[in-house]
Each structure stands twice: as C-alpha cells, then as structure tokens.
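As you go down the protein sequences, you meet chains A and B in turn. Residues in the first sequence are numbered from 44 upward in steps of one, following the numbering used here. Residues in the second sequence are numbered from 7 upward in steps of one, following the numbering used here.
Honestly, the hints are just simulated from the structure, not real lab data. Where a beta carbon is used, it is the ideal one built from N, C-alpha and C, also for glycine. Certain hints may be false.
[Claimed, not checked] Which bits of chain A does chain B cover? Going by a derived footprint, with three or more residues having C-beta under 8 Å, they are:
(1) 111-121
(2) 142-150
[Stated by the list, open to error] List of simulated lysine-lysine pairs, BS3-like, C-alpha gap at most 25 Å:
(3) A/Lys154 x A/Lys101
(4) B/Lys61 x A/Lys144
(5) B/Lys47 x A/Lys92
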Amino acid sequence: AQSVTQLDSQVPVFEEAPVELRCNYSSSVSVYLFWYVQYPNQGLQLLLKYLSGSTLVKGINGFEAEFNKSQTSFHLRKPSVHISDTAEYFCAVSDDSGTYKYIFGTGTRLKVLA
Amino acid sequence: GAVVSQHPSRVICKSGTSVKIECRSLDFQATTMFWYRQFPKKSLMLMATSNEGSKATYEQGVEKDKFLINHASLTLSTLTVTSAHPEDSSFYICSARDLRETDTQYFGPGTRLTVL
Numbered sequence: 044a045q046s047v048t049q050l051d052s053q054v055p056v057f058e059e060a061p062v063e064l065r066c067n068y069s070s071s072v073s074v075y076l077f078w079y080v081q082y083p084n085q086g087l088q089l090l091l092k093y094l095s096g097s098t099l100v101k102g103i104n105g106f107e108a109e110f111n112k113s114q115t116s117f118h119l120r121k122p123s124v125h126i127s128d129t130a131e132y133f134c135a136v137s138d139d140s141g142t143y144k145y146i147f148g149t150g151t152r153l154k155v156l157a
Numbered sequence: 007g008a009v010v011s012q013h014p015s016r017v018i019c020k021s022g023t024s025v026k027i028e029c030r031s032l033d034f035q036a037t038t039m040f041w042y043r044q045f046p047k048k049s050l051m052l053m054a055t056s057n058e059g060s061k062a063t064y065e066q067g068v069e070k071d072k073f074l075i076n077h078a079s080l081t082l083s084t085l086t087v088t089s090a091h092p093e094d095s096s097f098y099i100c101s102a103r104d105l106r107e108t109d110t111q112y113f114g115p116g117t118r119l120t121v122l
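Just chain A, with the same shape it has in the complex:
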C-alpha cells in the first residue's frame, strides 16, 4: 500500500526567505508525484508534478521540487517566498496501476511572515 508523509504540519517563514516543505512517500511500484496548493475556502491548484525524466521539476509561482528515489522523497522548495504564498500545501502520490487515484499527505500550512 502507498502512503505519503508530510512531517511538518506548519512552517512559518519570513518573507523573501527560502523554504522547503518535506514530502516522503512509500510505494512498491513506480509512482507519479504531485504538489498542490490550497488557498482558504478554495479547491486545489496544481503546482508541479513528476512523472518521469529529470528529477528536478519546476512548477508555477517559482516553486520547484526534486524527486529522490533512494530517499523516497519529493520535497518542495522556493528560494524566496512572498506573503501571497501563505496557504496549505499538499503532496500526493498516484500509482501507475490504472486507477489514477491519489493518496494525499496531511498537508503543510506555510505561513509567510512580514
């Protein structure tokens, strides 16, 4: 069975500082990995995804993530955050078995401080 762990429930960071949101997964098969952002009372917006190929994936809003198979991680990073990045961030894994289901992590609340 697959699972996703987001160890940090909350991450406070000052504006213009770098940030890393951690995501670890477990799976016995090849996986697709995703990061989504959720603003208050809204749905989820896709930030970036890893399907195959280059392990460094660039997404929207200046975010990037690196797939590390040996460490089963897919950490999200941004070199300089803005107040507007304050939101909930979810990591998700989808297997390639054909069900297309996602398993979500518990989310990390990023709070950017002025």
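Here the structure of chain A is known, so what remains is to put chain B in place on it, guided by the hints.
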C-alpha cells in the same frame, strides 16, 4: 489550462433534505472524476471514483446510498447527499482527470455544505 467548476459553491439545507452538487470540466473531457471530502484543517478524503457511463466506485466506509454519484456525460458528474444530517456538513471537492493527461487531476473550487 484545465478548468473544473462546481456548483453551488455554498449551500445550507435543513436536516433530512437532499442536496445535489455539480462538477463540470469546462474545457476538457473527463472519463473519470473523483469526489473528496475535506474536514476543517484536514487532508482530502477520497469518497468515490466516478466513471462516465458506469457506476461509481466507492471507498471503504462511504455509504453509497447516502452519497449518490452520477456521471452522465464526459463533462459532468453530480454528487447528491441524500437525507442530509449535520454530520454531513463538510467541504466537498471534485476533481477531473483530463483524457489528454491521464495522470493528472484538476480540482474544482469546492462546495461548502452546511446542514442545520
């Protein structure tokens, strides 16, 4: 980009009544849509997978008679909460899988259901 809409965005109903929530893929076709429930400050819980033209597949513990799902076309899936009770109050989010990007789900903006 792929856009998914939900209607209504917010609904308040009395206990015992039924509520229908629509999920539409606006600029793409989706043979598969998913319905999630999200509790306050919690992650998303997959309720069911909706396949166009066939019966939905429910996750363990989800009452199929209470949460009726219909996926009548490639752009529309509906979730009906029947005989709603206060414990059904929640944020319901749908997502749709783009046929051209089979690996990626695009999410709707969510529906806030409050049952009095």
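Now for the hints, and whether the structure bears them out:
no., hint, in the structure
1, 111-121, "violated (count 0)"
2, 142-150, "holds (count 8)"
3, A/Lys154 x A/Lys101, "22 Å, holds"
4, B/Lys61 x A/Lys144, "16 Å, holds"
5, B/Lys47 x A/Lys92, "24 Å, holds"
Taken one by one, the earlier hints fail for this structure only at number 1.
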